[in-house]
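Working from the sequences, and respecting the hints, build out all of it.
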Amino acid sequence: MSTETMFFVLGVAVVTSPAALVAVLGIPPLLGRRLTEQTMNRYTYASTVIGLLASIAILAIMLIADTRFVPIELGNWVVIPQQHFHFHLKFVFDRLSVPFVILSFLLCGVVGAFTSRYLHREPGYGRFYVSYSFFTLGMIITSLAGTIEVLFLGWELVGLSSALLVAFFHERPTPVRNGIRVWSVYRLADAAFLVAAVAMHHLTGAGDFSSLMGSGHWPAGQAVLTSHQALLVGLLLLTAAAGKSALVPFSGWLPRAMEGPTPSSAIFYGALSVHLGAFLLLRISPILELSFALSATVVAIGLITAAYASITARVQTDIKCALAFASLTQVGIIVAEIGLGFRYIALIHIIGHASLRTLQLLRAPTLLHDYHTLENAIGGHLETETSFLGRLVPAPLRDWFYRFALERGYLDSLLDECVVHPFRRIFQWCDARERSWTDWLSGGQSRASDEVKSHSEIVEELRL
Amino acid sequence: MTKSTLLRKQAKAQVSGKLEQLRVVIEHASHLLPGQGPITAFVHHNTLHAFEDLPFEQAVVEGGKTFGCHPYLPENRYREKLARNRIRPEDIEAVLIDDLGPRADELLGFLGTRFHLRMGMLAHPLQTGPAAELRWVVAETDALHRFREETPRTVRDRLVDITRRWVMRDLRNGSQPENCDLRIRELVNKLFDRFDKPQVESWEEATWEAFCLHLLWLICRDGVQKVAVAKQSKPPSVRHRDWLLDATGEDSDLLTHDVMIRFCAAFLDQGFSSWPLPRCEGFFNTFVEQYGQTFGPPNRWQRGLRRQLVRIRNESTTPLESIAESLEYLGVLEEEQEEFVTQTLLALSGYAGMIWQVESNSDRVAHPAPEGTLIEFLAIRLLLDRFAIGNVSRKSLGYTGPLSELREHIGKRTEIDSEAQVEQRAFLVFQLSQLLGWDSETLYQLPAEGWSTLVREIEAFSGLERRRIYHLAFERQYRNQTLDAVAIHSRRVWKDSQSKTTSERLRPIFQIVCCIDDREESFRRHLEEVDPQCETFGAAGFFAIAMYYRGVAEAHYTPLCPAIIKPKQYVDEDVVYSFEKAGEQRRRRQRLIGTVTHRSHLSSRTFAGGWLAAVFGSLASIPLVMQIIFPRAASRIPGIFGNLFLPPVLTKLQLERSEALPGQEPGHIGYSVPEMAEAVERVLRDIGIKNIFSRLFIVCGHGSSSLNNPHESAYNCGACAGARGGPNARAFAQMANDPRVRKLVSDHGLQIPKDTVFVGAYHNTCDDSVEYFDLELLPTTHKEDFAKVQKVIDVSRARNAHERCRRFQSAALDFSLDEALRHVEGRANDLSQARPEYNHATNALCFVGRREWSRNLFLDRRAFLQSYDPKQDDENLTILTRVLQAAVPVCAGINLEYYFSCVDSAGWGAGNKLPHNITSLLGVMDGAASDLRPGLYHQMIEIHEPLRLLFVIETTPEAILKIMEADEGIAKLIHGHWVQLATLDSDSAEIHLYQNGKFSLYQPTIAELPECGCSADWYRGWRNHLGFAQVSPSISKQVGKS
Amino acid sequence: MLELHLPWLELCIVTPLVGALLVWRKRDPEVAWKRALTFTGITLLFAFCAWEDFGTLHTFDAHDHWDAVSQWLGDDAIVIDELSAPLLPLAALLFFLITLATPRTKIRRFPFVSTLVSLSMLMAMLTCRQPWGVIGLLAAQTLPPFLELRARSRSTRAFTLHMLLFLGLLSAGWAMIDAEGPKSEHSYLAIGMLMAAVLIRSGVAPLHCWMTDLFENATFGTALLFVTPMAGAYAAVRLVLPIAPDWALHGIALFSLFTAVYAAGMSLIQREARRFFCYLFLSNSSLVLVGLEVATPVSLTGGLCVWLSVGMSLAGLGLTMRAVEARTGRISLADYQGLYEHMPSLAAFFLLTGLASIGFPGTVGFVGVELLVDGAIGISPYVGMLVVFAAALNGIAILHAYFRLFTGTQHTTLISLEARWPEKVVVLLLTALILGGGLHPQPGVTSRYHAATEIISRREESSNPSRNDHALISESTEHLTSPSHFLGK
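Protein chains in written order, with this note's numbering: chain A, 1 to 464; chain B, 1 to 1042; chain C, 1 to 489.
Just so you know, these hints were derived from the structure itself, not from any lab.
Some hints could be false.
[Unchecked claim] Below 25 Å or equal to it, Euclidean Cα-Cα: the simulated DMTMM-like pairs (lysine to aspartate or glutamate) are:
| # | chain 1 | residue 1 | chain 2 | residue 2 |
| --- | --- | --- | --- | --- |
| 1 | C | Lys106 | A | Glu451 |
| 2 | B | Lys568 | B | Glu449 |
| 3 | C | Lys34 | B | Asp193 |
| 4 | A | Lys453 | C | Asp28 |
| 5 | A | Lys453 | B | Glu405 |
| 6 | C | Lys26 | B | Asp142 |
| 7 | C | Lys106 | B | Glu875 |
| 8 | C | Lys106 | B | Glu334 |
| 9 | C | Lys34 | B | Glu250 |
| 10 | B | Lys65 | A | Glu171 |
| 11 | B | Lys962 | B | Glu875 |
| 12 | B | Lys568 | B | Glu678 |
| 13 | B | Lys12 | B | Glu408 |
| 14 | B | Lys65 | B | Glu325 |
| 15 | C | Lys26 | B | Glu140 |
| 16 | A | Lys453 | B | Asp242 |
| 17 | B | Lys962 | B | Glu140 |
| 18 | A | Lys453 | B | Glu408 |
| 19 | B | Lys395 | A | Glu375 |
| 20 | B | Lys395 | A | Asp416 |
| 21 | C | Lys34 | B | Glu205 |
| 22 | B | Lys197 | C | Glu30 |
| 23 | B | Lys566 | A | Glu375 |
| 24 | C | Lys106 | B | Asp142 |
| 25 | B | Lys395 | B | Glu250 |
| 26 | B | Lys197 | C | Glu418 |
| 27 | C | Lys106 | B | Asp242 |
| 28 | B | Lys65 | B | Asp242 |
This is how it looks when you write it as structure tokens:
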């Protein structure tokens, strides 16, 4: 077998193993069949191991054959030749995607194994694994995407599965409320992404990264846009990345997303999903180089996020939110690194941070146990002291900052007051106008829906 | 003094009187708050402690209404038990007869007796639901085409025949108008429209069935319409938020709680966050300072809050004044005040309760709250409520008037939906007619009063009542089973003892005293099975040693005794003198490692430190993968390293003090010899040891250690207030080995032979390991004895693990002993394991008496076992009284907490464990932000059966009555039937059951108990609850060879 | 013009009429339902055959075999072409599924006769290319909902006024066009009237209130049947697109774009499920219209693709909601209902159809929306952004509705509310179509692209041959920052 065919077979295996998992876990429930926990575990295990081994094999062959760039062409998914419209299915193994894919498989595998026991006997077991398989597929597609459309495809899958997993415990309203919040931010960020993708398609005539980045392979690519175009597209993509990675000003959803079960929190906010924005920026890093303004914006947003998150993390009183903001601090730094052009450092940083944070999040329920052990080792209450920077700030300002941090930098409030509230007001006003209009037209009460009760009727027998 | 100053003074006095009254109201309401303290020292207690003055059945309903929770399991859960014969029909019958009393046999026309009707309603599930769903069922399913499955064939045929006859006779054609009035014709014609009328003679059976059911349904609906509409008993709410929620679907508490949760967590924080809340004096002032600053959050609903806070600061308004102001602002009437305050506090009951706990039990936490914090909490909460309510009413109701008139503005809510009621009632009657065979003609002829009676009778036996009856029947089933088993077993034991009264008792090979904990039941049973020559006892696991204890590696003193006792003595664990240097070294190294670990953990959450940690973080993937894929192996690694680097260190307890008074200072630490003797004697007397001591006497405390378990301390010894009982066992053994103590004890008539040696031990109930203390002090003469005992214990703990494994769904049923042991060890160290063990789940029974009565009886780990020998007790029942004073409240507390958490896991309990998020090192929230969740989580109680604890006490009814007279606490629980009680007379092996305020002789219903060679024979291959069995070692086979 | 092998089209039109005769005066609703189901099923089969048959011909349009009608009514009376070929089975499928999933609770009230007649009229309209024929059939189609509203004794005024306005404008406009004869430039008034008519029928804001009114007051099934086939869009393609000048098309596109965003916003704040559905549908159908009227090959292809995908997925969504309504009564979105536990498969289907309608990857709508956005950006980045924005809002609205309906609380009932077999059939059928079309989009896209090119070529035939699309685009995008790049294709 030639190296090319080996690459092709392995590459297809990497992509199809999570896709097959989606199919085997997703289709039976649609047909009304319930899988047992063991079956689901076995499938998950098999898919992850195959994917992981295949990607490691690709890495090995790449090292042996000393290639830095392995494209896997699966042909056109959709094509309108006359209009030069084509949806090109192309996956790329290079220095950026291979580590990321291996990381994804590794962490997803670990989390899958963790969950198999963690969610044992939970009614939503199957639901979790379906979302989980979508998440894995989305991660793999995103990491390997060779064209921006394919990247978008994976990106959307990750977004949906995240929102559904945040709302995993859906018999309570809070997770659901937070799930819809996450989804809303994701949708708006995705909208920016879609516009950017289409614009890029128009600008360069193709969504293919390799043609976009010119001759060189990551990270040595040279983009073919003008700096003006780069700024436009770059800002759109930065918005998309900011939404996904919870950078300022979208950070509000991150702590709220801690509603899901611990393992899903771990892969989303500790490890993979939260780094996806950074990954996107890495992927398009040649564009960043073209425009100084763009790189400066990226650095600024990264640093602001890091500063914001590190202040906020200090006042958190619960373990999950503290870890969420801790994650965000590092993501901010990573983004700043990317903006400064340290691509390898950023990549190493992502990998290290993802592993560490996953471990910490999975240990979160053991916090009291660990604290006890540590207290015993140290022989006293665990001391906390004001940090070096904290001591520099004058006291009244420190109080103000405390509340600023306690209220999570007002980001949520700002979003509510400046976006959601006016939006609702406008449309509610329109709704009221429509009501009077139809009332007038039909000469009386025109809406039967006004009588619909907001709560479903509760039967006395079932309540107490 | 002028008149005006007098008036002013009067007014002031009036105001302060009002405020005082308000304070009393709040304090009164605070009793309803959850009584659970910090999660690090979990103490089980009755969830409905505040309602203990009421009888149980009344209290659960009242409490349920107050807290919005279920008093019993949902009806379908009982029905499942009925289907699996966990509730037997005869139990239901007996309970129902008992419950109805003379009203049971009242005849209700064609319905038969009331008893008959109610039995019918209990026998099969009755569906009900919102009107729309009922309409859907009627139209969509074959409810009108097929009789219900449960309907007996005979009933079905009879009903069809009657209808058929009636139709053919009277209704088919219009020739006999005198026999039937117009109404029925209307109904039947409607039906004939849908059925093929011309062919009526040749209709098939199925068509007739459908026709019969259609007619029945129409008649039911028709009849029910004649009955007056019933008032719905929706509990009136006084909170504005509830009114608004009902009217608009918008919840103003979302706004308030968002701020309150964050602020309370920061205020209560016991040292988690690295930047603590800048506190001023108290909750109220801190909030005023924090939120009174400029440039606050831009939330619209908080507009004006700052101005209020500044005003409060300038006028130095007290919290109580602020509350009074808020109440006035919201237009709360004086007579509603108590209700309003209670409901407001309960809206965020977790935090309110924790504040109350931290305020009133300030010695149990590192950062207590000052007195009056709960009042301050309420003041802030009401202040925020004002803004939130104002905002919501403005936004979704368009209401801008004063909030005091808001409720009038919203006006009358939820009128009764009479149409829905008709559907629901009709559907009930419709189902019952099928189940009990009421034919449509009879129903049709029923006059309006008849229908009223019918509906009244059915509704009098509502879902709640049915669940109560089911529950009582369920309890009766277990109670009778237990008492039967005890009766049969005790009669046998009694006969045996009668026949060989003369023979002297042999000296046992060894003796062991364990905690009364239900988890030790199986451990003791297995010990006795492995070595029938041993003797086991049960005593409260702190072994009468109430102390503050600090281990050699521990930072603080922990109280090791039941929560109701406040210890006087302090005990330290020290490194033995010759190892002091090594110990110091080890300590320093530990401190270093600890500090480094802590620092790196903290700094991994910061800016720069995090960067370093993250860059090298890929190393973390190694322990990550290890811990998740191979938890058991991973848990050993630190142990291996620990052994490599650190020499073994011997420690001893600093148990004896030199000074007169106990205290924390050097010299005051420890016990005096008489105190030691008192403790030793007390335990030995309690367990009724009768001067027969074996050469080796093991004192075994217990605890539990597990990962991924914020509630870890709930799994520890209940008698040590959520701590591990090892040190108590160790201290007890050390005391009992002291010759001076033995001398004092023997002076009181309790001879401990010279060759008896006490050894302290610690049983970890999660991984079933047993660890021994101070073995270096074991005399050489006893080494061999100890080796033997150790072997017995090792086999027993493996068997114990094996028995526990049958309950774990993820453990195979065909495990060998070794596999079982490995499995439980893996569980304890598994980060992903949500159920390290099942703790007290399934507890249902408490035995107080000699072990003979329960030995060789398979109790399925459901029984607390307290040893007590009535023969050793005095006239005044001193021993029994003090034994029960500890056992009744502790065991009842555990049992009732399990009961409530199980009956309504989301309401009384902590809900699902998986989204739990540890907050402020005090408790858990659901997810990112929620109220604190007290109670037990779902994974802990999923195999529990909610049953009130059945005490079986070896004594006479008179003795118990005497104790109840003397001790109010015990009497309250027994009188109110919070626990069930039976006595076992040791002289006659007769059982008396306490019911409705009196004892009555219990007659066993069966004559034989199943027998098995060993426990494994009885439980193997079975996951669910098991009945009682006699374990007869005579037909024993070896286990574990499979 | 080539001929089909059998008179499929006439069969499609006649079959439901025969069915209507047979259902007429049938008193037993069960039997009526079964017959209606049979006949819609047969129509679906014929429509499908027509499509397949047409596919084998490789031509732009075709007649029936033994075409009897064209002799009297002219050549364009009964024709199948690239545009209508898949619309026929889609329309028949909608009728079939809605009839199939009619809950027994509604059977007694559901007017099967008028449904069958509507189906026949719809089939006739889709096969008709004669302008007056289309207009007449459009007019006739408004009758069944009107009659139903009256039968339910609701106010018909909102509906009637809008429909009269629509028909009046349409016929007046077309009469003028007719009078003006076949010239390239028609008068502004005529075009304007046609434009307004099409917009009203498609429910452009602020003249969309008849649609909400219909959903409020008619049965859900009737409302679905009246709006989901998107007769307005069909009228736009058949009547307006071939003759209208660019400004008119762009006007329609702009109005529709506004409606798409407006309706998406409105769907987010609705407190009741039907109204939510109505706005969601309105937003999506307006997006279709945007794609159609931007009139570049890519956007037209996108619009036609989205037409099919939205038709399927929103019909599925509507059916799910109807199934839920049958169980619990009208549903409020102001509070959480928590129904997931009782109907997991319906919940999953709700999510699937909802996501398909917004073009989620892996569903049938994905490529369509991509094409649509691509085409829209081609005309102006702002248009593209607004399209994307509307889609994003719709996405939020769908998950919002999903969460409100199926989660957030625990619905307690002792009654099993699981899906019945007809509902299961609907779910599986549509799921297969949605996923199948999503995973293998190429054939659909190719066929829609052909239709698009055909439409454009017709348009070019009828308009001034000197004008072409490229010029059109360049005119409208002159104000852009870098127009040259948007011309690249």
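Taking the hints in turn, this is what the structure says about them:
1. For the hint linking C:Lys106 to A:Glu451, the alpha-carbon distance of about 20 Å falls within 25 Å, and the restraint holds.
2. Note on B:Lys568 and B:Glu449: the hinted pairing is violated, with a Cα-Cα distance of about 71 Å set against a maximum of 25 Å.
3. Pair hint C:Lys34 plus B:Asp193 holds up; C-alpha atoms about 18 Å apart against a cutoff of 25 Å.
4. With a C-alpha separation of about 33 Å, the suggested pair A:Lys453 and C:Asp28 falls outside the 25 Å cut-off, and the hint is violated.
5. With a C-alpha separation of about 24 Å, the suggested pairing of A:Lys453 with B:Glu405 holds against the 25 Å cut-off.
6. Between C:Lys26 and B:Asp142, the direct Cα distance comes to roughly 22 Å. Compliance with the 25 Å bound is thereby established for this hinted pair.
7. Distance hint between C:Lys106 and B:Glu875 is unfulfilled; the C-alpha atoms sit about 79 Å from each other, more than 25 Å.
8. With a C-alpha separation of about 53 Å, the suggested pair C:Lys106 and B:Glu334 falls outside the 25 Å cut-off, and the hint is violated.
9. A hinted pair counts as satisfied when its Cα atoms are at most 25 Å apart, and C:Lys34 with B:Glu250 does not qualify at roughly 45 Å.
10. As the CA atoms of B:Lys65 and A:Glu171 are separated by approximately 22 Å, the hinted pair is consistent with the 25 Å bound.
11. This hinted pair checks out: B:Lys962 and B:Glu875 have alpha carbons roughly 11 Å apart, not beyond 25 Å.
12. The hinted pair formed by B:Lys568 and B:Glu678 meets the criterion: a straight-line CA distance of about 14 Å does not exceed 25 Å.
13. For the hint pairing B:Lys12 with B:Glu408, the CA-to-CA distance comes to about 31 Å; that exceeds 25 Å, so the pair is violated.
14. Proximity of B:Lys65 to B:Glu325 is assessed by CA-CA distance (about 29 Å); at most 25 Å being required, the pair is judged violated.
15. Proximity of C:Lys26 to B:Glu140 is assessed by CA-CA distance (about 20 Å); at most 25 Å being required, the pair is judged to hold.
16. Of the pairs offered as hints, the one joining A:Lys453 and B:Asp242 holds, with about 15 Å between alpha carbons and a cut-off of 25 Å not exceeded.
17. Pair hint B:Lys962 plus B:Glu140 does not hold up; C-alpha atoms about 63 Å apart against a cutoff of 25 Å.
18. As the CA atoms of A:Lys453 and B:Glu408 are separated by approximately 20 Å, the hinted pair is consistent with the 25 Å bound.
19. Among the hinted pairs, B:Lys395 with A:Glu375 is inconsistent with the structure: their alpha-carbon atoms are about 50 Å apart, more than 25 Å.
20. Of the supplied pair hints, the one linking B:Lys395 and A:Asp416 holds, its CA atoms being roughly 14 Å apart against a limit of 25 Å.
21. Using a Cα cut-off of 25 Å, the hinted pair C:Lys34 and B:Glu205 holds, with the two alpha carbons roughly 23 Å apart.
22. With a C-alpha separation of about 16 Å, the suggested pair B:Lys197 and C:Glu30 falls inside the 25 Å cut-off, and the hint holds.
23. As the CA atoms of B:Lys566 and A:Glu375 are separated by approximately 24 Å, the hinted pair is consistent with the 25 Å bound.
24. For the suggested pair C:Lys106 and B:Asp142, the alpha carbons sit about 16 Å apart, so the restraint of at most 25 Å is met.
25. The hinted pair formed by B:Lys395 and B:Glu250 meets the criterion: a straight-line CA distance of about 10 Å does not exceed 25 Å.
26. For the suggested pair B:Lys197 and C:Glu418, the alpha carbons sit about 34 Å apart, so the restraint of at most 25 Å is broken.
27. Of the supplied pair hints, the one linking C:Lys106 and B:Asp242 is violated, its CA atoms being roughly 36 Å apart against a limit of 25 Å.
28. Using a Cα cut-off of 25 Å, the hinted pair B:Lys65 and B:Asp242 holds, with the two alpha carbons roughly 15 Å apart.
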